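4 protein chains.
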Amino acid sequence: MYSLSITPKFADIDGLGHVNNTVLPGWFEQARNQIYRYFNPEFDFKNWNLILARYEIDFVSQLFYDQDVEIKTWISHIGRSSFEVYQEAWQNDTLSTIGKTVLVHFDFKAQKSAKIPPEILEQMNEHLITAAEILASKHNNKKA
Amino acid sequence: MYSLSITPKFADIDGLGHVNNTVLPGWFEQARNQIYRYFNPEFDFKNWNLILARYEIDFVSQLFYDQDVEIKTWISHIGRSSFEVYQEAWQNDTLSTIGKTVLVHFDFKAQKSAKIPPEILEQMNEHLITAAEILASKHNNKKA
Amino acid sequence: MYSLSITPKFADIDGLGHVNNTVLPGWFEQARNQIYRYFNPEFDFKNWNLILARYEIDFVSQLFYDQDVEIKTWISHIGRSSFEVYQEAWQNDTLSTIGKTVLVHFDFKAQKSAKIPPEILEQMNEHLITAAEILASKHNNKKA
Amino acid sequence: MYSLSITPKFADIDGLGHVNNTVLPGWFEQARNQIYRYFNPEFDFKNWNLILARYEIDFVSQLFYDQDVEIKTWISHIGRSSFEVYQEAWQNDTLSTIGKTVLVHFDFKAQKSAKIPPEILEQMNEHLITAAEILASKHNNKKA
Chain R
117 MYSLSITPKF
127 ADIDGLGHVN
137 NTVLPGWFEQ
147 ARNQIYRYFN
157 PEFDFKNWNL
167 ILARYEIDFV
177 SQLFYDQDVE
187 IKTWISHIGR
197 SSFEVYQEAW
207 QNDTLSTIGK
217 TVLVHFDFKA
227 QKSAKIPPEI
237 LEQMNEHLIT
247 AAEILASKHN
257 NKKA
Chain S
117 MYSLSITPKF
127 ADIDGLGHVN
137 NTVLPGWFEQ
147 ARNQIYRYFN
157 PEFDFKNWNL
167 ILARYEIDFV
177 SQLFYDQDVE
187 IKTWISHIGR
197 SSFEVYQEAW
207 QNDTLSTIGK
217 TVLVHFDFKA
227 QKSAKIPPEI
237 LEQMNEHLIT
247 AAEILASKHN
257 NKKA
Chain L
117 MYSLSITPKF
127 ADIDGLGHVN
137 NTVLPGWFEQ
147 ARNQIYRYFN
157 PEFDFKNWNL
167 ILARYEIDFV
177 SQLFYDQDVE
187 IKTWISHIGR
197 SSFEVYQEAW
207 QNDTLSTIGK
217 TVLVHFDFKA
227 QKSAKIPPEI
237 LEQMNEHLIT
247 AAEILASKHN
257 NKKA
Chain D
117 MYSLSITPKF
127 ADIDGLGHVN
137 NTVLPGWFEQ
147 ARNQIYRYFN
157 PEFDFKNWNL
167 ILARYEIDFV
177 SQLFYDQDVE
187 IKTWISHIGR
197 SSFEVYQEAW
207 QNDTLSTIGK
217 TVLVHFDFKA
227 QKSAKIPPEI
237 LEQMNEHLIT
247 AAEILASKHN
257 NKKA
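Residue numbers (the working numbering), protein chains in the order written: chain R, 117 to 260; chain S, 117 to 260; chain L, 117 to 260; chain D, 117 to 260.
No lab work stands behind these hints, which were simulated from the structure alone.
A quick note: this is a predicted structure, and the numbers were derived from the prediction, not measured.
Keep in mind that the hints are not guaranteed to be accurate.
[What the hints assert, rightly or not] From the structure, some residues in chain S lie toward chain L, with a derived Cβ separation under 8 Å:
#, residue
1, E145
2, S177
3, D182
Beta carbons: idealized from backbone N, C-alpha and C, even for Gly.
Could you build the full structure based on these sequences and the hints that come with them?
Encoded structure:
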């Protein structure tokens, strides 16, 4: 699991006094930097090799301005060329938001998806979360 | 169906030369203004009565800087207190992005979900899209 | 003068119920698209030839969620290689925000500023605003 | 001086491969949180007492994706009810961006500006930067 701490800013808060829903995709993207490093350690746009295919975000409880937010990042699924990143946003010991993002390892020159290399699979395996662990995480939050 | 035309700006484009994935939730939110008007015609934050529960976004093809984007907005599902907004982003006759957003009619004072009033159901029914129509929309795009 | 109409979205509003200050640079950038077209009609990033050197923004009065905003764009100063874009945001017949942005015509290959070509100067001259006109614009707003 | 470290995200980068100009106002706002705490320690929107009157931003050199950015924040001017925040963005030992923001201590109920209380003046004085120090900061960067 990777952890990133984010300080909400005044502009992130909307007219209802909570972090707006449109802010979360950016926070989750920021927290995926370390996953992107697997595929492109120099962050070289000319040799970029990932495509973001989809994401879904569940807003479980509100996020507020006055406390830092922790983004937790895992790998939840690994396919031949694609994988899923599972992310949670926590504030004040409460699970607030859940994000799942599907990315595809892509060969931009050949214009087709490419197998994930074994050395990256190894790194991913160290940050894997299972379906059972995801369920437990949600359950723990309910009790809290 | 509601239609909103959006002009991409320089800042929306990322290092790969395409509209970044984090931009779409904002465009979709902008295009939902007319749905929000059903529930709160004056856009009064003190009497706001909607909660955004979740969204999912599928990135089908890239969006570019140099042409306007059309956001099409329908209602795809209506429940007792919640409903789903189905949205498509089109550019240059190509379906680029699909968004589904679940919103809940919520009574903030009582802190619980509230039945959607009949007069709003009527308005929603005029902008309904069926599962069959969604399939056809994707199919038409493939042929194009 | 160029005019662009913008519909504020829910996310643009901050905890005080007004459009947040960080939103304006994006709106002004969107409204500068037509100026960028002078220099790069195809919006081709590989042959981009402008650098944004500075901007200043004055927040005269608040912008709200429930009405469209008009961004008015002029050229306020032309130098050898640089120029200033003057922009105003209006809502409900009220001048809300004033932006001044300095851009430099830049040769990225030679890595130095480049003279503005005569055919672009001509286009700019059609959208020029004088210091006297800027003063009058502010004065008209005070009376309103 | 306050220091805040920010990790650029993929979406912050524009089509030229650099952090886009519209990103900086948000980073500077985030770094002003500690100044806002002087005036509203609980970050309570209902008792908010600051208005952002203007800002200007100078883009001295480009910011990139692959390294953290440090935002340095000082107070550069103190008036009766208003003050100026001076901020610099640094990356890889290079001064990249300079921001100056004018804020006004404001009584929203009375709808007029309010004198800055002595205990806040004291806190501000601890983070003051002089015009000479600002000049020296720019000079140091040129040599680097």
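Hints and how they fare:
1. The beta carbon of E145/S comes within 5 Å of a beta carbon in chain L, closer than 8 Å, and the hint placing it at the interface holds.
2. Evaluation of the S177/S hint against chain L yields a violated restraint, the C-beta minimum of about 18 Å exceeding 8 Å.
3. Interface restraint check for D182/S: the shortest CB-CB distance to chain L comes to about 4 Å, inside 8 Å, so the restraint holds.
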